[in-house]
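From first to last, the protein sequence lines stand for chains A and B. Going by numbering that gives the first Met the number 0, the first residue of the first sequence is number 0, and it counts up by one from there. Going by numbering that gives the first Met the number 0, the first residue of the second sequence is number 0, and it counts up by one from there.
It cannot be assumed that every hint is accurate.
Heads up, the list lumps identical chains together, so a pair's fine if it works in one copy or across two of them.
To be verified - Here are the simulated DSSO-like pairs of lysine-lysine, each with C-alpha atoms no more than 27 Å apart in a straight line:
| no. | residue 1 | residue 2 |
| --- | --- | --- |
| 1 | LYS251 | LYS30 |
| 2 | LYS251 | LYS36 |
| 3 | LYS245 | LYS185 |
| 4 | LYS85 | LYS179 |
| 5 | LYS179 | LYS72 |
| 6 | LYS179 | LYS30 |
| 7 | LYS302 | LYS109 |
| 8 | LYS72 | LYS109 |
| 9 | LYS42 | LYS251 |
| 10 | LYS36 | LYS185 |
| 11 | LYS179 | LYS109 |
| 12 | LYS30 | LYS185 |
| 13 | LYS163 | LYS245 |
| 14 | LYS245 | LYS72 |
| 15 | LYS36 | LYS302 |
| 16 | LYS42 | LYS84 |
It is worth saying that the hints were derived from the structure and are not from the lab. Computed from a predicted structure; not experimentally measured.
Protein chains: 2
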Amino acid sequence: MGGDHGPCVTVPSAVEYLRHDHSAHIILVGKPEVITKELDALKVTPNSRLTLYPASEIVGMDEHPAFALRNKKDSSMRVALNLVKKGEAQACISAGNTGALLATSRFVLKTISGIDRPALAVVLPTISGHTYVLDLGANINCTAEHLFQFGIMGATLVSSVENKPNPSIGLLNIGEEDIKGNDVVKQAAELFRNSNLNFYGNIEGDDIYRGTTNVVVCDGFVGNVALKTSEGLAQMLASYLREEFKRSLFSKLAGLVSLPVINAFRRRVDHRRYNGASLLGLRGTVIKSHGSADSFAFHCAIKRAVDEIRGDTLHRLIEHIEVLRHNIEHNVTQPASAK
Amino acid sequence: MGGDHGPCVTVPSAVEYLRHDHSAHIILVGKPEVITKELDALKVTPNSRLTLYPASEIVGMDEHPAFALRNKKDSSMRVALNLVKKGEAQACISAGNTGALLATSRFVLKTISGIDRPALAVVLPTISGHTYVLDLGANINCTAEHLFQFGIMGATLVSSVENKPNPSIGLLNIGEEDIKGNDVVKQAAELFRNSNLNFYGNIEGDDIYRGTTNVVVCDGFVGNVALKTSEGLAQMLASYLREEFKRSLFSKLAGLVSLPVINAFRRRVDHRRYNGASLLGLRGTVIKSHGSADSFAFHCAIKRAVDEIRGDTLHRLIEHIEVLRHNIEHNVTQPASAK
């Protein structure tokens with residue numbers, strides 16, 4: 000029910016997703032009359048792979064998370080998370096209020112033993128592929144131990160959904176040297192260095208899009224600023240490019256000739272392809288779609304949930320943390336790499 | 000003497016700058032034989048507007064700031080800063096080791112009364128103009144009071160070099176609402192709200208390039224990550240665009256036709272135009288050029304120093320802080336806007 004557009008995006012996107020993925024099953028959670036109206040418009044009826052689950056309330060996009068948690072016990076978000084908790088769904092996908100989703104999923108699902116706080120991880124494009132960045136804003140005041148846990152979660156996510164053993168982890172800092180950064184980052188680097196994770200070391204902001212490491216670890220404040228700054232810069236550059244191609248008759252003609260090239264470029268940097276942040280560290284799979292997602296972007300968020308389920312990210316994470324804990328308790332130095 | 004290229008960039012850039020600006024006087028500080036060789040190659044001899052001042056040592060680009068401060072008492076950097084201190088120069092411009100420049104300038108020049116820590120401010124382009132962002136990495140662990148001082152310094156810089164009275168100040172955060180962010184940012188917002196500065200409120204990363212405010216305030220860790228992330232993204236997008244225009248014979252032709260447009264776009268986003276970070280809060284004007292600056296970029300850094308001298312940034316800042324202090328001490332509520 001959530002997001003800037005609500006069911007008129009999420010319902011068609013779900014229907015379309017099932018046309019591509021013949022073994023998935025989607026449960027549409029929300030107000031039955033609203034969902035049915037959307038399905039009617041698509042000439043689709045609920046079936047064995049597309050079911051409807053009623054929820055009478057909606058969390059507003061600007062509602063305070065604590066208010067939603069206390070008062071909206073039958074919200075689509077809460078009901079969907081309960082389905083995950085009861086094992087009736089393997090993942091919850093929402094385009095709704097981020098703060099409410101964080102608070103409610105933490106309350107309903109609880110964190111995995113060994114993880115203090117869930118983190119939001121996103122995929123970002125790089126010069127030669129893509130990288131996973133976390134945290135993107137779920138955690139504002141992080142300790143070194145939190146950053147270390149983000150590293151474990153990120154590495155497990157990459158190894159499970161990308162089938163890439165022992166992914167490299169970079170710690171976002173303001174210089175590569177060990178002496179750089181604040182105390183939290185320095186202590187986190189120490190934890191990484193003493194672990195058997197594949198720790199690359201400190202990286203700088205430009206290393207994100209260079210793809211220097213498979214995982215980029217930072218606190219939620221820094222990660223959120225980096226991501227939003229990127230969005231702003233991309234918008235500015237796009238606006239400049241548009242203006243230059245409109246400046247004169249000649250440049251308009253050049254724009255016309257270049258249209259297929261510009262379109263290929265735009266497809267490649269289309270941020271909708273990267274939609275869907277993984278909320279990691281909970282006893283259940285939760286994906287946060289951008290509130291402004293259109294049908295294609297929401298499709299990508301659904302795909303991300305399915306990838307995590309099929310990659311068994313959740314159980315691998317639980318296992319991975321148990322191995323790390325066992326090694327620490329028994330002082331074992333064999334590699335506890337992300338399997 | 001500093002920077003990735005040394006005098007073969009800085010000397011020609013200084014010579015070229017004086018051809019454009021007929022009332023400026025540049026003192027080239029460093030090893031006389033090296034500088035003279037560069038001047039000879041340009042068929043230029045020292046004159047009343049271009050003088051030479053000897054310094055026998057050079058601070059290495061990777062040298063530890065404390066080591067440079069202790070041991071390199073006749074480095075070009077230190078000697079140039081001494082000239083500023085003695086009033087023989089009105090500004091020092093360096094492309095050298097950033098950490099050493101920060102430490103040495105603070106030691107030689109000292110901070111303005113009322114300012115705890117100097118900050119690095121850069122100009123960044125926006126959709127409709129440009130904005131000033133500080134701090135960019137001089138300060139890692141900032142208090143609310145430091146962020147507030149950055150705001151005063153940024154506002155004074157904008158009002159003096161742009162002749163823009165009462166510039167707006169945005170506080171970089173992860174949401175616009177007052178409840179967002181960590182404690183330091185929340186307390187800083189409170190200080191701004193209780194001041195008579197033109198405080199816009201919290202802004203997010205994308206507001207930087209949107210040009211929402213004239214000044215963007217953040218701690219040095221966040222600012223450095225935001226700037227470096229931007230550099231990385233711009234490089235990635237440029238690389239993508241190049242690749243798309245090279246993909247086929249058709250796209251190569253389209254690229255050829257679009258070359259004037261693409262070049263106009265590149266000129267517009269040319270980061271060299273924004274070279275030169277102001278080190279604010281010292282009892283003297285200091286400009287840090289990017290180490291990799293070429294002759295054109297270094298020219299822009301010289302221009303920035305001259306703008307600050309002509310705009311009387313330093314004395315306006317001293318005055319502005321005195322007025323603010325007076326108002327706080329006497330509980331005055333008249334506007335103490337950046338004059």
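Do the hints match the structure? See the list:
| no. | hint | in the structure |
| --- | --- | --- |
| 1 | LYS251 - LYS30 | neither (48 Å within a copy, 53 Å between copies) |
| 2 | LYS251 - LYS36 | neither (44 Å within a copy, 49 Å between copies) |
| 3 | LYS245 - LYS185 | neither (49 Å within a copy, 43 Å between copies) |
| 4 | LYS85 - LYS179 | neither (46 Å within a copy, 33 Å between copies) |
| 5 | LYS179 - LYS72 | between (46 Å within a copy, 25 Å between copies) |
| 6 | LYS179 - LYS30 | neither (52 Å within a copy, 31 Å between copies) |
| 7 | LYS302 - LYS109 | within (24 Å within a copy, 57 Å between copies) |
| 8 | LYS72 - LYS109 | within (17 Å within a copy, 59 Å between copies) |
| 9 | LYS42 - LYS251 | neither (42 Å within a copy, 46 Å between copies) |
| 10 | LYS36 - LYS185 | neither (55 Å within a copy, 45 Å between copies) |
| 11 | LYS179 - LYS109 | between (35 Å within a copy, 23 Å between copies) |
| 12 | LYS30 - LYS185 | neither (49 Å within a copy, 38 Å between copies) |
| 13 | LYS163 - LYS245 | neither (45 Å within a copy, 31 Å between copies) |
| 14 | LYS245 - LYS72 | neither (52 Å within a copy, 56 Å between copies) |
| 15 | LYS36 - LYS302 | within (24 Å within a copy, 64 Å between copies) |
| 16 | LYS42 - LYS84 | neither (32 Å within a copy, 79 Å between copies) |
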